[in-house]
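Put chain R on the given structure of chain C with help from the hints.
There are 2 protein chains.
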Amino acid sequence: MLKLYHQGSSVCAAKVRIVLHEKDLDWESEYVDVLQGEQFNPAYLKLNPNAVVPTLVHDDKVVIESTVNCEYLDDVFPEPALRPTDPYQLAQMRIWTKRVDERLHPMTSVLTYSASHRHTILDNNTPEQVQAIIEETRDPVKRARKKEWIEMGMDAPTAREAVKEFTRTMVDMDKVLAAHPWIAGNTYSLADVALSPYLNRLSMLSMDAFWQRYPNVSDWYRRIQMRPSFKPALRDWVPDELAQSLATNGARSWGKVEELIREG
Amino acid sequence: MLKLYHQGSSVCAAKVRIVLHEKDLDWESEYVDVLQGEQFNPAYLKLNPNAVVPTLVHDDKVVIESTVNCEYLDDVFPEPALRPTDPYQLAQMRIWTKRVDERLHPMTSVLTYSASHRHTILDNNTPEQVQAIIEETRDPVKRARKKEWIEMGMDAPTAREAVKEFTRTMVDMDKVLAAHPWIAGNTYSLADVALSPYLNRLSMLSMDAFWQRYPNVSDWYRRIQMRPSFKPALRDWVPDELAQSLATNGARSWGKVEELIREG
Numbered sequence: 001m002l003k004l005y006h007q008g009s010s011v012c013a014a015k016v017r018i019v020l021h022e023k024d025l026d027w028e029s030e031y032v033d034v035l036q037g038e039q040f041n042p043a044y045l046k047l048n049p050n051a052v053v054p055t056l057v058h059d060d061k062v063v064i065e066s067t068v069n070c071e072y073l074d075d076v077f078p079e080p081a082l083r084p085t086d087p088y089q090l091a092q093m094r095i096w097t098k099r100v101d102e103r104l105h106p107m108t109s110v111l112t113y114s115a116s117h118r119h120t121i122l123d124n125n126t127p128e129q130v131q132a133i134i135e136e137t138r139d140p141v142k143r144a145r146k147k148e149w150i151e152m153g154m155d156a157p158t159a160r161e162a163v164k165e166f167t168r169t170m171v172d173m174d175k176v177l178a179a180h181p182w183i184a185g186n187t188y189s190l191a192d193v194a195l196s197p198y199l200n201r202l203s204m205l206s207m208d209a210f211w212q213r214y215p216n217v218s219d220w221y222r223r224i225q226m227r228p229s230f231k232p233a234l235r236d237w238v239p240d241e242l243a244q245s246l247a248t249n250g251a252r253s254w255g256k257v258e259e260l261i262r263e264g
Numbered sequence: 001m002l003k004l005y006h007q008g009s010s011v012c013a014a015k016v017r018i019v020l021h022e023k024d025l026d027w028e029s030e031y032v033d034v035l036q037g038e039q040f041n042p043a044y045l046k047l048n049p050n051a052v053v054p055t056l057v058h059d060d061k062v063v064i065e066s067t068v069n070c071e072y073l074d075d076v077f078p079e080p081a082l083r084p085t086d087p088y089q090l091a092q093m094r095i096w097t098k099r100v101d102e103r104l105h106p107m108t109s110v111l112t113y114s115a116s117h118r119h120t121i122l123d124n125n126t127p128e129q130v131q132a133i134i135e136e137t138r139d140p141v142k143r144a145r146k147k148e149w150i151e152m153g154m155d156a157p158t159a160r161e162a163v164k165e166f167t168r169t170m171v172d173m174d175k176v177l178a179a180h181p182w183i184a185g186n187t188y189s190l191a192d193v194a195l196s197p198y199l200n201r202l203s204m205l206s207m208d209a210f211w212q213r214y215p216n217v218s219d220w221y222r223r224i225q226m227r228p229s230f231k232p233a234l235r236d237w238v239p240d241e242l243a244q245s246l247a248t249n250g251a252r253s254w255g256k257v258e259e260l261i262r263e264g
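In order, the protein sequences belong to chains C and R.
The first sequence runs contiguously to residue 264 in our numbering.
The second sequence runs contiguously to residue 264 in our numbering.
Some hints here could point you the wrong way.
If chains are identical, the list can't say which one is meant, so a pair holds when it fits in one copy or spans any two.
Said to hold, decoys possible - Calculated pairs, DSBU-like style, for lysine-lysine (alpha carbon to alpha carbon, straight line, at most 35 Å):
hint	residue 1	residue 2
1	K175	K61
2	K3	K61
3	K231	K46
4	K46	K164
5	K23	K46
No lab work stands behind these hints, which were simulated from the structure alone.
For reference, chain C alone in the conformation it holds in the complex (with noise of 0.2 Å):
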């Protein structure tokens, strides 16, 4: 039996999801309410001490990191092979999976926070509140980039980052998928997987002309949505209002985004 502790709006979660309808595998769902703390409750720190989503639960094994995850439904429902054969594309696939992880992630966050989650803050509390909600954070580090993506939003200098992140990972899928239909080659592989969360939170932001300048990275995204595992996947758990005030706020900074984007 397979049992998948989850969230609705986690890229990482998002990934494994995708895995599980690729291979048409039944799954139980366990929502963990990252807004609300749950990944904090001693029960699931037990099963996963980093306290993050998503956690999978084979039969009595537990197995935490999505990248990890994928791989390891690869290894044990191996079809549809998720995962090329030649072992120099799947080095490959490795290679984008692990950039994803180190690289990408961490820009995503900081986007998202800058781009919608800031705007979503700011309409709802007077500047007392707000000065409230950074403060909560205890981290010193941690409370002055929260701090930088309220009050400045797109212009803060980490924002300016994970615009220039996204950029070079659309150069370079770009460049990859002129050579073949999928990232890694020829099929489709967990390098797709692991890609898709992120352009569609790009999209779910109203951010799709991101991709615009990039047009084999247009195409691929365009079969990554027809793709029966994208709606179950990624839009079905996002909560409605999550889904209304991505969209709503992602479209008022993209002016800035696209700015950004110009300089370069």
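Only chain R this time, still in chain C's reference frame:
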């Protein structure tokens, strides 16, 4: 034909050398003197746009990322196997290699700089020269960290973080090694490969006492040192002068490191 672009003191390059020796493969060495900035040579950047070592070249195929290199070599040259066949143990192996890359690796340069390189810099330069060395780093965030490491050594906040991360690694290694002889199970695997250069770094810094409280780690490292791959992969490529300064400077910093370990 296998060729490795590498450098003596790089922990990442050492991992790939371990795999090459464990599999008894013939390989050609291309030494990239990172301390002289050779990783920025245009010819090298073509192979590795990230400007880091190692880079593996197999016939006409270029593969970057040391962790990916290790899996690639095990895919292409499967004997002796360096990955468990059981999917759950394989997942545990990958959780460890990922943790080493994402958490331990960044802290290793912090520790090495604050515990050793700072002494070399302070011993051989006037205060004005030290200032110039700090100021040659253009990125303001990196410059501030460098200044902190040189001026504060192991009292720098990031150096304290590094000691904490190494301690957490020891605690968790000790726990899994209580259940089975190697990190991911009953057989030596890429998880053991991944951790070896990091404990070897502590050892080269005269800090073997870091794991004296962890008997399973002590026993594991003793077994790692006895493997025929240890000396050629982890020691022989380190320049003598660097080995000497790591040992001497590390010993000078140990008192403070020990204090930080005791504080927890």
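For each hint, the structure was consulted:
1. K175 to K61: between (39 Å within a copy, 17 Å between copies)
2. K3 to K61: within (10 Å within a copy, 39 Å between copies)
3. K231 to K46: within (31 Å within a copy, 39 Å between copies)
4. K46 to K164: For K46 and K164, the Cα distance is within 35 Å only across copies (21 Å; inside one copy 37 Å).
5. K23 to K46: within (28 Å within a copy, 37 Å between copies)
Hint compliance for this structure: every hint is met.
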